[in-house]
Amino acid sequence: MVRFMPHDHHHDHRHGAEDHAHALLPPDPALRVKALETILTAKGVIDPAALDVIIDTYETKIGPRNGAEVVARAWADPDFHARLMEDATPVVADLGFFGRQGEHIVAVENTAEVHNMVVCTLCSCYPWPLLGIPPAWYKSDAYRSRAVREPRKVLADFGVTLPEGKAVRVWDSTAEIRYLVIPERPAGTEGWDVERLAALVTRDSMIGTGLARVPEDAA
Amino acid sequence: MTKVHDMGGRFFDGPVLPEPEDADHYPEAWQARAMALTVAAGACGKWNIDMSRKARESVVPKDYMAFTYYEKWLAGLADIAVETGVVTRAELAAGASDGPLEGARRLTPDTVPGALAKGAPADRPSTVPVRFAVGERVKALRLAGNRLVPGGHTRLPDYAAGATGRILRLHGSHVLPDSNAHGLGEAPEPLYAVAFPAAELWVNPEHPGDEVIIDMWQSYLEPA
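Order-wise, the sequence lines are chains U and V. Under numbering that gives the first Met the number 0, the first residue of the first sequence is numbered 0, with each subsequent residue one higher. Under numbering that gives the first Met the number 0, the first residue of the second sequence is numbered 0, with each subsequent residue one higher.
Honestly, the hints are just simulated from the structure, not real lab data. There could be a bad hint or two in this list.
PhoX-like cross-link-like pairs, simulated, lysine-lysine; straight-line CA separation at most 20 Å [what the hints assert, rightly or not]: (1) LYS138/U / LYS2/V; (2) LYS61/V / LYS2/V; (3) LYS138/U / LYS152/U; (4) LYS117/V / LYS45/V; (5) LYS165/U / LYS152/U; (6) LYS117/V / LYS60/U; (7) LYS117/V / LYS138/U.
Every value quoted in this text rests on a predicted model; they were computed, and no experiment measured them.
With these hints in hand, go ahead and build the complete structure from the sequences.
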């Protein structure tokens, strides 16, 4: 059996009540995860085969196409739109989108006057059942620190410029409420069905760091 | 009382680096494993989501800043597993288990879909009366910090402490992280979305019409 050495820079804080147990794991992250998985498997706490199913679920079954369907339906169906804005959780659950990190959903809608944008400054809260695993930039220090203070400069990093008079509402997800941005429906899509509309809805447009694609780009 | 994870408004973090929407979520294979391991281990029922967040943000600041995202998850998982008695320090140091944990709930391939679909709703009935009405002006407590446990977990961001805003909506009553993260019970109370004008929060707001909306528990607020 391999015995791992704690990593060096932890030597100064390995004792006392605030002791950090993770420092006992090997320094290489791949070995760290392997060690934890080995221990927890032997303890009977996890089944490695369940990990494979979890990874596969968020790679192949749950992702931003779910959210795009919600947005497209909201654009296409006034009744769905009204119910979604009133209380989104049961409405998206009816489509099969519910569960871990999406237990309480609130839809916020972009208009000619207001642009919405979502962040989690304290960690990385994100509506998993609707958008899947968050992208790296959403979890980055730069996004978490800047989105609340200078959303327009952050939007510029995404190549997005808002019209002069439009206000920005940044939603900081500090609780278990998960926000879904409903982007503005692009012009020239009158009469389109849900499937066609959904193809215009990007992941970033549902976080608020992007806009929906226009028909010319989707051709 | 600043904490390293509470970074809203901080300067000098540089540009946000967008990725293509089809970019790999896990550039390295261990990252996927770390995600799934954390989700699966959480299902053992020995800790809750607030305890998980507390564990991640309690990583010493220099490690928190140096760790990549899923390294923070791994550190939090190792720490909380020890804190709750699921594993021992000796087992972590040895890289091997001393024996099975009695009574552990374990996800299996066939129970994963149901567990992920069920989630863990945070709304609860509460006896705490709703104090604020939609539209009412409120003030976030001037000092952001846990009132139950010194130095403990809270979800009141430092940048909003002392700011005046208005109640935008009531979300119902939700589990209070300041209590639940410390095993002190769920202590549900009313939760609100509170709108703060950017000028309340920043010396140089980008635009006079901008707002930041923050979910705040009732005990984070006082009348303005």
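| task | Enumerate the violated hints, using their earlier numbering and listing them in ascending order. | result | 7
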